[in-house]
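Let the hints inform the model, and build the full structure from the sequences given.
According to my numbering, the stretch in the sequence shown is residues 1090 to 1519, in order.
If you are wondering where the hints come from, they were derived from the structure by calculation, not from laboratory data. Please note: incorrect hints may appear among the correct ones.
[Unchecked claim] In silico BS3-like links for lysine-lysine, alpha-carbon gap of 25 Å or less:
id, residue 1, residue 2
1, Lys1306, Lys1348
2, Lys1398, Lys1313
3, Lys1398, Lys1373
A quick note: this is a predicted structure, and the numbers were derived from the prediction, not measured.
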Amino acid sequence: MVKNALEPYWEARFEGISYGFRPGRGCHDAIQKVFCLARPDTTRPWVLDADIEGAFNNIGHTALVQAIGNCPARELIKQWLKAGYVEAEMLHPTDTGVPQGGVISPLLLDVALHGMEQALGTSYTPKGVLRGTYAVVRYADDCVVFCPTQEKAIEAQRLLAPWLGARGLRLSDEKTHICHLQEGFNFLGFNIRHYPTPKSSRSGYKLLIKPSPDSIKQIKRKLKGLWRKHVGSPTVALINEMNPVISGWSNYFRIGVAKEVFTALDRFMYQRAQRYMRQRHPRKSVAWRTQKYWGQALGRRDRWVLQDKQCKATLRKCAWTKIVRHWLVPKQYSPDDPSLQAYWRQRRSRTPTTPDQHGQLARRQQGWCPLCHQGLENGEDLHIHHVIPQKHGGTDEVANLRLVHHNCHRQIHSSSAPLGVRRLLEPCTR
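Encoded structure:
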């Protein structure tokens, strides 16, 4: 309740360059903003890649409460901040920081870091044109500052130090560095870099945003662990656990230059699949294993697709994910503005949801939760609800399913759920 009261007020005040933990904004918006600022003809080719050390653990309570102002829940927030935590039957005080995992903690972090552009002397004209030496993009405690020269980048770091210090924060010495766009830097899992193209561009360089090497290593390590975990499991269990991982990773990186990376990752998966089959059937021939495990996916020409033909399960490929450029949200647009509801409805309909069934239900519901009437893509976990429970004969057909928030799902199944909740979720006749 406190978050729902505070959020609309601060959404109207937050800087347009802040994209972390905000409704209607996310990592893709931050990357698209970086794409706009890091073009080859940019006048700010130097980048201060800054990381705030232990932001959630070290926020100063005094500065945070002062920034919140005369909120009706001001005293309640103070109690949350000072509540402490119990570990090994001992109470540990919390003199700094916000509650770990708290619903309101991400919002409090954004409130504490509000004003970074003002600290760097950045302003905008009435038409929204950037004025000042620096351009900032921030996602929670990760931020990048685009600067015209290396000296200005050093100066930006010097300006941010006392501003963060007043909030009990400091820049991480290990993760904060200054680089040129020709060297490249990593941000939110992507690598942003200018590549030399002397014969195909006026500036001699081209901006490419790709999955970072660390992101590729992490997904390979995760997939390799799943292959090893399911050596003795049915193939359908392996496919069902891998498909959400592959879909989620490829959908996240689909906004960048990722086609080559997707193809390389599919090649890696093919090699792991061959090894998986040899381990399971060491005495069978190659032709037998090919006949049992490989086939052609429906609607695709590729016949080298790992399948469980008996259960009709197909392992997805990253290359099946189309590259789609992200649609950047305008700086001052808020989901709480009544005049922009048509814009946000259209934007939600264009936002891909990771699981296929979730995406189908989200499009059918036009991006809204039927219980709380809020957007589905608000950061909460999503659950599929059966209107007629399976134990009462309900099926998995789309007409019997609703996509709802996790907390809404709990409310539906609570013993005190009102009759109106059931009526809202009656089977659709369309």
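Evaluation of the provided hints:
Only pairs whose Cα atoms come within 25 Å are accepted, and Lys1306 paired with Lys1348 is accepted, the gap being roughly 17 Å. For the hint linking Lys1398 to Lys1313, the alpha-carbon distance of about 23 Å falls within 25 Å, and the restraint holds. A C-alpha spacing of about 18 Å is found between Lys1398 and Lys1373, which places the hinted pair at or below 25 Å, so the restraint holds.
When the structure is compared with the earlier hints, no violation turns up for any of them.
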